[in-house]
Amino acid sequence: MKIVVCMKQVPDSETQIKLAPDGGGVDLHDAQFVVNPYDEFALEEALRLKERFGGEVTVVTMGGDKAKEALRTCLAMGADRGVHLNDPAFAGCDSLGTAGVLAAALRKLEYDLILCGKQAIDDDCMHVGPQLAELLDLPQVCVVNKLSVAEDGTSAVAHRQIEGGSEVVSVTFPAVITCQKGLNEPRYPSLKGIMGAKKKPLDEWRAGELGIDPASVGAGAAAVQIRQFFPPPPRSAGRKIEGDPAHAAKELVRLLREEAKVV
Amino acid sequence: MDYDLPDELKLLQQTIRRVVSEHMIPLEPITPEDEDIPADLRAKLEQMAKDQGLWLLFIPAEYGGAGLSIFGQVIVWEEVSKTVLIPFRKDSIFGPEGCSILFLCNDQQKERYLYPVIRGERVPCFATSEPNAGSDPSAMTTTAVKDGSSYLLNGKKTWVTSGDKADFVQVVAVTDPAKRQRGGITAFLVDMDTPGLTITGKFELMMEDRPNEFTFENCRVPEANILGEIGQGFVISQTWITMGRLRQGAKALGVAQRCLDMAIEYAKHRVTFGKPIATRQAVQFMIADSEVELHAARLMVYHAAQKLDKGEDARHEVYIAKLYANEMVGRVVDRALQIHGAMGLSKELPLERWYRDVRSRRITEGPSEIMRWVIARKLLGRVSD
Chain U
301 MKIVVCMKQV PDSETQIKLA PDGGGVDLHD AQFVVNPYDE FALEEALRLK
351 ERFGGEVTVV TMGGDKAKEA LRTCLAMGAD RGVHLNDPAF AGCDSLGTAG
401 VLAAALRKLE YDLILCGKQA IDDDCMHVGP QLAELLDLPQ VCVVNKLSVA
451 EDGTSAVAHR QIEGGSEVVS VTFPAVITCQ KGLNEPRYPS LKGIMGAKKK
501 PLDEWRAGEL GIDPASVGAG AAAVQIRQFF PPPPRSAGRK IEGDPAHAAK
551 ELVRLLREEA KVV
Chain Y
318 MDYDLPDELK LLQQTIRRVV SEHMIPLEPI TPEDEDIPAD LRAKLEQMAK
368 DQGLWLLFIP AEYGGAGLSI FGQVIVWEEV SKTVLIPFRK DSIFGPEGCS
418 ILFLCNDQQK ERYLYPVIRG ERVPCFATSE PNAGSDPSAM TTTAVKDGSS
468 YLLNGKKTWV TSGDKADFVQ VVAVTDPAKR QRGGITAFLV DMDTPGLTIT
518 GKFELMMEDR PNEFTFENCR VPEANILGEI GQGFVISQTW ITMGRLRQGA
568 KALGVAQRCL DMAIEYAKHR VTFGKPIATR QAVQFMIADS EVELHAARLM
618 VYHAAQKLDK GEDARHEVYI AKLYANEMVG RVVDRALQIH GAMGLSKELP
668 LERWYRDVRS RRITEGPSEI MRWVIARKLL GRVSD
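Heads up: the protein sequence lines correspond to chains U and Y, in order. All the letters of the first sequence, read from the start, carry residue numbers 301 to 563 under the working numbering. All the letters of the second sequence, read from the start, carry residue numbers 318 to 702 under the working numbering.
Hints listed in this document are in silico derivations from the structure and should not be mistaken for laboratory results. Wrong hints could be hidden among the right ones.
[Said to hold, decoys possible] Stretches of chain Y that chain U covers, calculated by requiring three or more beta carbons in the stretch to come under 8 Å of a beta carbon on chain U:
{"hint": "1", "stretch": "323–332"}
{"hint": "2", "stretch": "397–408"}
[To be verified] Below, a sample of chain Y positions facing chain U; criterion: calculated Cβ distance under 10 Å:
{"hint": "3", "residue": "VAL336"}
{"hint": "4", "residue": "TRP372"}
{"hint": "5", "residue": "LEU374"}
{"hint": "6", "residue": "ALA383"}
{"hint": "7", "residue": "PHE411"}
{"hint": "8", "residue": "ASN542"}
{"hint": "9", "residue": "GLY545"}
[Stated by the list, open to error] Cut-off 20 Å, straight-line C-alpha distance, at most; resulting in silico cross-link-like pairs (PhoX-like, lysine-lysine):
{"hint": "10", "chain 1": "U", "residue 1": "LYS500", "chain 2": "Y", "residue 2": "LYS327"}
{"hint": "11", "chain 1": "U", "residue 1": "LYS366", "chain 2": "Y", "residue 2": "LYS327"}
{"hint": "12", "chain 1": "Y", "residue 1": "LYS367", "chain 2": "U", "residue 2": "LYS492"}
{"hint": "13", "chain 1": "U", "residue 1": "LYS492", "chain 2": "Y", "residue 2": "LYS592"}
{"hint": "14", "chain 1": "Y", "residue 1": "LYS327", "chain 2": "U", "residue 2": "LYS368"}
{"hint": "15", "chain 1": "Y", "residue 1": "LYS327", "chain 2": "U", "residue 2": "LYS498"}
The structure displayed is predicted, hence computed values, not measured ones. All C-beta atoms in this analysis are idealised placements derived from N, C-alpha and C, irrespective of residue type, glycine included.
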């Protein structure tokens, strides 16, 4: 089974987010970067399927030079090959632009299944997986927390999380699945994997190699423009309800009903 | 000297960091202070390390281990020392560590000592200090006298870490009183059940370690149990202690980094007189000094490790790193505890335990004064005597 995992390098969730002084972006100068945690679920699922069916796991990422570190991490975890979509023209892509670049890369790759994280933890858009499926004209199942692949490896039953329950979907391959927490427990890179990661193939593809006109991607071509970043307003101090518990409970319910209007 | 970690070590560092923060730090508040973590917990953590392919990190590839460079081992020690979960003198969860001189075993000895240690079947300990000979091996009085095809050992050894948990001891004794440390000291492998070897003491200390005293009384050890060559014992114990000093330096880095991180976090959130204490210059200076000293210590430890990896004599660099890193960590823990105020005294946080533990590190594996003396002796030559 040939599986492609789409991965994004994101700032570590423990990084302190600082806004650039002009409000035009986030200052990531001091940030530590990691593999997007939802993409780790995708990679882990891919590696387990490879262990079951054999085949090859390729990880594709779009990003600057630094993103190569995240690809190496994926190779150390057990992926067979990395593809780095790295071109200054890609900078500033919106989600559709990113999906377009990924789709161009996937047209050059063989695959039975495409696995993505359900979202990246930096911009939290949840767009790229579904957009990619549309661009490649593939079936998609999003926010999957259980995946049962058929014995012959050509279809699957996927459980996707919906409000208040789960939806069970059967899907034939090739398809795009976006992965949710709970799907599996991602492994750490093993020492053998770490030491061997450098010897695995890691290709770098630029716009030209993907047949992409540089003017058609990146910040200039983005349909979505981010106008401003600003921090959420500081939380105001809480209110303390004094008095005996019975009275305080009544007062709390009254406030929830009359002021907060939530009950 | 390359100031950047190679890519592999960066990845190893990130991986061990995740294991520590996801599987070890969350257990900190519930572990009672003891010589080691509970056996079932250790078994569980070690199984996880095995399952994840992070096992035998301190064993060369030729013995089935990871074959990490010394620099790589330093990175692992630094990361794993960021949790107070595992007592300082115990092996981490990534496989046995006390093997550095067992690699000198001959083939027959390897079957009985080295391989069982790697497999986790036998526990070693190391005995060199004596009641009247710690940093001064020339005062060593434990003797090994040849008697037929064996040696009779007599004398006392003290401060033997994990002595009562061990299956055998790596012990050094005087075989030629005329030569002493210049070829008159020999290392032996002695099974703990050998007649004439008794554990005669166990010391309660200010940290978790509960070392033992051993007494040898006409303890008969076969010639075949000599480790290395006759007269090589002093060199062997220097090898052991050089690695021990480097390890102690590396472990100081992790403790200091965690304490500094905790101090920064606390200073940002602790409000007094209407402002976070991070706005006070007194607190800022404590944090800045800790960062500067930690950075300096890290470069020293990494440099010593890189030099050892090149096969060069790095004893001087190891003295420097051991001295500075262990004095540094004392100051950093002290400042972090001060920034935390009364919370720093609480057993809910690792700080007070580290505060007691790091004090011991200016004494163990060679006290700071001995480090200064050997550094000065190299610089000044004979005049310093």
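Agreement of LYS492 of chain U and LYS592 of chain Y with the hint, judged by alpha carbon distance not exceeding 20 Å: violated, 49 Å
VAL336 of chain Y as chain U interface residue, shortest Cβ-Cβ below 10 Å: Hint holds; VAL336 of chain Y Cβ to chain U Cβ min 6 Å, cut 10 Å.
20 Å Cα cutoff - pair LYS327 of chain Y, LYS368 of chain U: holds, 13 Å
Given pair status - LYS327 of chain Y, LYS500 of chain U, alpha carbons within 20 Å: holds, 17 Å
Restraint check, 10 Å cut-off on beta carbons, for TRP372 of chain Y near chain U: holds, 8 Å
Cut-off 10 Å, beta-carbon criterion: hint that ASN542 of chain Y touches chain U: Result: violated, 33 Å to nearest chain U Cβ.
Satisfaction of the PHE411 of chain Y interface hint, Cβ to chain U closer than 10 Å: holds, 9 Å
When the least beta-carbon distance from ALA383 of chain Y to chain U is tested against 10 Å, hint result: With Cβ-Cβ at 5 Å, under 10 Å, it holds.
Outcome, coverage hint (the stretch 397–408 of chain Y, chain U; C-beta under 8 Å; three residues): violated (count 0)
Chain U contact restraint on LEU374 of chain Y - CB to CB distance below 10 Å: Constraint on LEU374 of chain Y satisfied, holds at 7 Å.
GLY545 of chain Y as an interface hint toward chain U, with CB separation required under 10 Å: violated, 29 Å
Restraint status (C-alpha distance of LYS366 of chain U to LYS327 of chain Y at most 20 Å): holds, 13 Å
Violation of the numbered hints given earlier is confined to hints 2, 8, 9 and 13; the remaining hints are satisfied by the structure.
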